[in-house]
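Residue numbers (our numbering), protein chains in the order written: chain A, 1 to 407; chain B, 1 to 362.
It is worth saying that the hints were derived from the structure and are not from the lab. Errors might be hidden in some of the hints.
Stated by the list, open to error - The calculated DSBU-like cross-link candidates involving lysine-lysine, where the alpha carbons are at most 35 Å apart (straight line), are:
#, chain 1, residue 1, chain 2, residue 2
1, A, K133, B, K222
2, A, K211, A, K144
3, A, K133, B, K283
4, B, K282, A, K201
5, B, K345, A, K113
6, A, K75, B, K132
7, B, K282, A, K305
8, A, K211, B, K302
9, B, K354, A, K75
10, B, K302, A, K144
11, A, K275, A, K358
12, A, K184, B, K282
13, A, K66, B, K222
14, B, K354, A, K211
15, B, K302, A, K257
16, A, K358, B, K283
17, B, K302, A, K184
18, B, K96, A, K75
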Amino acid sequence: MHVLLKELELPHATVGCVECLSVAVLFEQVLLSFFGCDAASLLPRSPSLSDFVRVYRQQRSQCPSKQTRYIVMEKAELLRDADANLLPALLRLQELVEDNVTVVLLSEIVWDKFRPNTGCFEPLLLHFPDYSKGELQQVLSRDKHPSYSAEFYSSYINILLGVFFSVCRDLRELRHLAALNFPKFCEPLAEGKVKETDAHKLWRNIEPHLKKAMRTVYLREVSSLQWEQMQQTEERDTAAVRGLSAHTHVELPYYSKFLLIAAYLASYNPARTDKRFFLKHHGKIRKTNFLKKNEKTSNHLLGPKPFPLDRLLAIFYSVVDSRVAPTASIFSQISSLVTLQLLTQVSHADQLDAPKYKCAVSMDFICAISRCVCTCFLIHGSRRENRIVQVNGPFTSFLLKENVFFL
Amino acid sequence: MLLKCVLRDLQEEEEEEAGKNLLQVHLNGLLQTDDRIALKEITRQLHLENVVGDKVFGSFAENLSFLLEALKKGDRSSSRPVLFVLDEFDLFAAHKNQTLLYNLLDVSQSAQAPVAVVGVTCRLDVLELLEKRVKSRFSHRQIHLLSDPTFAEYLGRVRTRLGLPDHFPDGRFAADWNASVETLCEDKSVEEVLRRHFNSSKDFRSLHVLLMLCLSRVSVAKPSIRPADLLEASRLCFADAKANMLHGLSILELCLIIAMKHLNDVYEGEPFNLQMVHNEFKKFLQRKSNSMYNFDPPVILKAFEHLQQLEMIRPVDSSSAKTQREYQLMRLMLDHSQIMEALQKYPQCPTEVKQWAMSAFG
Numbered sequence: 001m002h003v004l005l006k007e008l009e010l011p012h013a014t015v016g017c018v019e020c021l022s023v024a025v026l027f028e029q030v031l032l033s034f035f036g037c038d039a040a041s042l043l044p045r046s047p048s049l050s051d052f053v054r055v056y057r058q059q060r061s062q063c064p065s066k067q068t069r070y071i072v073m074e075k076a077e078l079l080r081d082a083d084a085n086l087l088p089a090l091l092r093l094q095e096l097v098e099d100n101v102t103v104v105l106l107s108e109i110v111w112d113k114f115r116p117n118t119g120c121f122e123p124l125l126l127h128f129p130d131y132s133k134g135e136l137q138q139v140l141s142r143d144k145h146p147s148y149s150a151e152f153y154s155s156y157i158n159i160l161l162g163v164f165f166s167v168c169r170d171l172r173e174l175r176h177l178a179a180l181n182f183p184k185f186c187e188p189l190a191e192g193k194v195k196e197t198d199a200h201k202l203w204r205n206i207e208p209h210l211k212k213a214m215r216t217v218y219l220r221e222v223s224s225l226q227w228e229q230m231q232q233t234e235e236r237d238t239a240a241v242r243g244l245s246a247h248t249h250v251e252l253p254y255y256s257k258f259l260l261i262a263a264y265l266a267s268y269n270p271a272r273t274d275k276r277f278f279l280k281h282h283g284k285i286r287k288t289n290f291l292k293k294n295e296k297t298s299n300h301l302l303g304p305k306p307f308p309l310d311r312l313l314a315i316f317y318s319v320v321d322s323r324v325a326p327t328a329s330i331f332s333q334i335s336s337l338v339t340l341q342l343l344t345q346v347s348h349a350d351q352l353d354a355p356k357y358k359c360a361v362s363m364d365f366i367c368a369i370s371r372c373v374c375t376c377f378l379i380h381g382s383r384r385e386n387r388i389v390q391v392n393g394p395f396t397s398f399l400l401k402e403n404v405f406f407l
Numbered sequence: 001m002l003l004k005c006v007l008r009d010l011q012e013e014e015e016e017e018a019g020k021n022l023l024q025v026h027l028n029g030l031l032q033t034d035d036r037i038a039l040k041e042i043t044r045q046l047h048l049e050n051v052v053g054d055k056v057f058g059s060f061a062e063n064l065s066f067l068l069e070a071l072k073k074g075d076r077s078s079s080r081p082v083l084f085v086l087d088e089f090d091l092f093a094a095h096k097n098q099t100l101l102y103n104l105l106d107v108s109q110s111a112q113a114p115v116a117v118v119g120v121t122c123r124l125d126v127l128e129l130l131e132k133r134v135k136s137r138f139s140h141r142q143i144h145l146l147s148d149p150t151f152a153e154y155l156g157r158v159r160t161r162l163g164l165p166d167h168f169p170d171g172r173f174a175a176d177w178n179a180s181v182e183t184l185c186e187d188k189s190v191e192e193v194l195r196r197h198f199n200s201s202k203d204f205r206s207l208h209v210l211l212m213l214c215l216s217r218v219s220v221a222k223p224s225i226r227p228a229d230l231l232e233a234s235r236l237c238f239a240d241a242k243a244n245m246l247h248g249l250s251i252l253e254l255c256l257i258i259a260m261k262h263l264n265d266v267y268e269g270e271p272f273n274l275q276m277v278h279n280e281f282k283k284f285l286q287r288k289s290n291s292m293y294n295f296d297p298p299v300i301l302k303a304f305e306h307l308q309q310l311e312m313i314r315p316v317d318s319s320s321a322k323t324q325r326e327y328q329l330m331r332l333m334l335d336h337s338q339i340m341e342a343l344q345k346y347p348q349c350p351t352e353v354k355q356w357a358m359s360a361f362g
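Pulled out of the complex, with its shape left as it was, chain A reads as follows (with noise of 0.2 Å):
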């Protein structure tokens, strides 16, 4: 857009609505641009549309277009939520200031959901359809390096789309991770193993460097800075990414993994089923059907329930190893996991006797954890439940039906 503007040399605003907190940056970033600063210093403090209006007339009349103006609105789907009037007017704006100007409106959101209720003046809607495949490779394999040629590039642009084009399109992460990994594409060349046309032996070394990119780059695990460094200090084998989410590094004190299981197994089992599971003897079990209706759709889908602080520490206690005194320390670990975010506090904050947690973390984090601690778990999960059973120590005869698989 802005290249078509530049190159025709049409007398043009651009205003990123992103930026536009109010709406007096947008009045004021258009009248600069067409009629400079001094038209912009002429908008009371607070202008309102009218006051934008007002000042757009008045410079036209002193300096009349001869061509066309065009406002470029960049995120329009923000308009949206600024003043009810501010979309209908921008789209009647060449009847309201009486001037030869058009607003073209940029966005990824389909113009079904700007319309606003009452109806408004209808814009010519223009589609931009996407870049085929083929498309994107020559796009993209505009961007190549001097002192490589052509074809090795686009050879290296064909690799990077057949490992990504089935998860991402846009252009903009393309070419950034095109940026990123073609050092490291150019690595054995660099070494002088492998000549340029050789392309199986590029494609094998490539391979895996990008399928760990789409772990983590591409994720925004790592910054990008982080990226290029590994690749420079890397080994063959792939050391552990130190990536943002907090299962890869964090450190949890001993009690706090118990919790964070018991907490786990608290908001995933229903709470009929902690007697069974976690009292030595519990009696006979009456096959009734005790599965409501509503709990058919497994646990695991929808989500965590909350679960009150006495039933927490009952599973904790039954779960951990040695005998565990209820002091201070414990609770307080208990809120610092809330800090951590790894349990969300579900009761209110003034509800200080039985306060209300929710696991927040998923089975994976969970499998981590409970490999870090020396007992180990058999988590069986079936359709329904989800069973707990510790094996070391006194060994419990819980019945294990269904598969099991082992941690």
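Got chain A sorted already, so can you dock chain B onto it with the hints?
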């Protein structure tokens, strides 16, 4: 626009008397969103004495009383008539207490300075919006500008719009052009397209958009409109924007949308969250034993968030702080038929994905 034409004509006709004397105040509901702003605008446009340059001094109450006094002091014979034109009249009715409307209509009813108030709006029920006291002061004169053309008139409009006027500089080109427009309008396929547009909406603006899209294809090399242009323009007008967006999604995102469609079919439109969609997707992967689509959960989360950013799915309630991102319930904003249509047009869609979409039970 109609009003402006009328006023211009009036000014040209009665040069000596009313034309020169008439004071006009133009207000627009979109711009003057508040009574205070509206009042300031009125004082500015009437050049009353409390205006210096552009700034209007005094508070709202002072300005209002000043204006009312100024209007009331005159009488029919000696003071200049004032015409108030209120665009988007229904928005003025949304102001607090409808003070401005009340005062203006009050002044126009009382036999003092000759004041006329003309409101322009596109709502038929605008009288319902007025308060009782305001409605009673309204003279209840309404002019409806509704056009109801027949298809023949519609075709006639197309002809007049596309034809070049007589005073066009290049006479020969104008003649050729007009002849080509005539042949165009007699073409059968063109008539069908125009009938389709006529059936969906009779108003002139949508016709305008259609004709503008056609005209944009006219160039120096091709100086006439062909029926194919009109067909293409019509296709663009009726194109579904969401299906176009679906065309540009990556395969992973498309698979997620198909999974959501299956969930909607099975659970009849109940909201879903990412975990459910992921589960459904995993069931598909297990059946196909194709390792190409085995992506990590965070990658799937990113695709899910991209769909949310494009507003293809929307959260059911806006409290995003309470629940984790993976468990927040969402609804799909696409229709079953839109998805199937988009799948047909999707470039290089893998066959197993297509078959999964068509299958009845996910």
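If you check each hint against the structure, which ones fail? 6
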